[in-house]
Amino acid sequence: MIRVQQQDFDPAEEYRVLRDSGSGTGAIATFTGLVRDSGDLKDVTGLFLEHYPGMTEQVIEGLVHEASQRWDVREARVIHRVGFLALAEQIVFVGVCSAHRGDAFAACEFIMDALKTSAPFWKKEITGDSEHWVEQKAADRDRSQSWE
Amino acid sequence: MIRVQQQDFDPAEEYRVLRDSGSGTGAIATFTGLVRDSGDLKDVTGLFLEHYPGMTEQVIEGLVHEASQRWDVREARVIHRVGFLALAEQIVFVGVCSAHRGDAFAACEFIMDALKTSAPFWKKEITGDSEHWVEQKAADRDRSQSWE
Amino acid sequence: MSTDNTITVKFFARLREELDTATLRVEAKPGLTAGQLLHDLAGRGGNWAQLDGAQPVMIAVNQVMTKPEKALQPGDEVAFFPPVTGG
Amino acid sequence: MSTDNTITVKFFARLREELDTATLRVEAKPGLTAGQLLHDLAGRGGNWAQLDGAQPVMIAVNQVMTKPEKALQPGDEVAFFPPVTGG
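Residue numbers (the working numbering), protein chains in the order written: chain A, 1 to 148; chain B, 1 to 148; chain C, 1 to 87; chain D, 1 to 87.
By construction, these hints were calculated from the structure, which means they are not laboratory data.
Among the clues, some could well be false.
What the hints assert, rightly or not - Within a straight-line C-alpha distance of at most 20 Å, the following computed SDA-like cross-link-like pairs (lysine to any residue) qualify:
1. Lys124/A <-> Phe80/C
2. Lys67/C <-> Leu32/C
3. Lys124/A <-> Arg14/C
4. Lys70/C <-> Ser118/A
5. Lys42/B <-> His100/A
What the hints assert, rightly or not - Pairwise CB distance ranges, derived in the manner of DEER restraints:
6. Gln36/D <-> Ala12/A: 50 to 60 Å
7. Thr127/B <-> Gly62/A: 19 to 29 Å
8. Pro74/C <-> Ala88/A: 40 to 50 Å
9. Ala86/A <-> Thr127/B: 43 to 53 Å
10. Gly22/B <-> Glu69/D: 38 to 48 Å
11. Arg70/B <-> Glu135/A: 20 to 30 Å
12. Gln5/B <-> Ala54/D: 30 to 40 Å
13. Gly53/D <-> Thr127/B: 22 to 32 Å
14. His132/A <-> Arg3/B: 35 to 45 Å
Quantities reported herein were computed from a predicted structural model and do not represent experimental measurements.
Note that CB positions come from ideal geometry on N, CA and C, so glycine has one too.
Here chain A stands alone, though its shape is the one from the complex:
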């Protein structure tokens, strides 16, 4: 399940679906990203998130598919918000359920890392009086390449 949407999401609801994915599920790993006040600018009040409709969903589908081939993945749920998001708002959710704990962690982290470097989303940081497109961080590229 992949969703790109403006509205907020409820991780509790996603967890419930993951938990109901069958009796073989022994492990559920989730990740949620929040808008944080320490980006490239100081005094960030929010973000604007742009995406490439259509391509975004395809790329994430591909990442989930790749994760499912590398690890035991019973179900994966990915939600990414777009548009204006205020400080402390939820941006992204990745949840994976698996038979085993190692697979759940690895698949969840892989999807999240790869999403940051290959899914067509762009963040603009907004402060009281300015805005500024975020540059891709070398650390993110490295984290994603470490999975290859």
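Fit chains B, C and D to the known structure of chain A by using the hints.
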């Protein structure tokens, strides 16, 4: 926050606390373990979980402390249930919030892996007509040692 | 995607803003590659000049990431954008 | 923990069941180590004999994991248990 208890827990409530841990929080990683039907015995109907009161809490405190020294950890919440648990019930929750995604994932996985090999809990698998103490798996020892 | 002899070009994020262009159409000349198209657009000068290597530009053709050598066909959708920063 | 001249010994999980004992008290003899206490208890024979190496036994003294060489003091709480399997 560490709790060892018989009663069930609500990951959504833990998530809310983690999310409210301050404006520097950009990443929340959680793990939940469930009773699964494919342990050492077939047709498992549930588990009995025993622990060493007092020592258990101390060991988990130590793991959270160690994680906090190795990674940025704003808050960590660990809950482990004891007593009889039926198939598909929740056993354990580990949730970590951090400024950064890599730290949240690493600290959450480290606490969970180390808990499995060093916190004094013991699982007995129960089927329709028998019960059987679970043996420690070499894979769990190895996963925990990989953090050293 | 169109079925006539054109290619749809899309820009996103900083490029969309600085070029003041979300979408444009160009003729699908035989042998045109994505990299050549980028070079042609840079030739417009002004803010367009940055397309010629001043900043990294990612390329997708029909919504799949690709290299500049990729040959373009009539009806293709080509997108140019900065390195992604989601998540 | 007691303040008299005894050591409290606890067993958990499979050991607790097979020895049919959750807690017992032993005298705190000078120089007694956790490993020697384990060996002494194994000398009781029957199911107790397994404490002498047939199965791995973990040792905690005053709720901290320790090695068999650990010297015991009056009032200590010693626990013997199988490798842990929680989580």
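We went through each hint and held it up to the structure:
| no. | hint | in the structure |
| --- | --- | --- |
| 1 | Lys124/A <-> Phe80/C | holds (17 Å) |
| 2 | Lys67/C <-> Leu32/C | holds (13 Å) |
| 3 | Lys124/A <-> Arg14/C | holds (9 Å) |
| 4 | Lys70/C <-> Ser118/A | holds (19 Å) |
| 5 | Lys42/B <-> His100/A | holds (17 Å) |
| 6 | Gln36/D <-> Ala12/A: 50 to 60 Å | holds (53 Å) |
| 7 | Thr127/B <-> Gly62/A: 19 to 29 Å | violated (41 Å) |
| 8 | Pro74/C <-> Ala88/A: 40 to 50 Å | holds (48 Å) |
| 9 | Ala86/A <-> Thr127/B: 43 to 53 Å | holds (52 Å) |
| 10 | Gly22/B <-> Glu69/D: 38 to 48 Å | holds (45 Å) |
| 11 | Arg70/B <-> Glu135/A: 20 to 30 Å | holds (28 Å) |
| 12 | Gln5/B <-> Ala54/D: 30 to 40 Å | holds (34 Å) |
| 13 | Gly53/D <-> Thr127/B: 22 to 32 Å | holds (30 Å) |
| 14 | His132/A <-> Arg3/B: 35 to 45 Å | holds (43 Å) |
Hint compliance for this structure: hint 7 is the single one not met.
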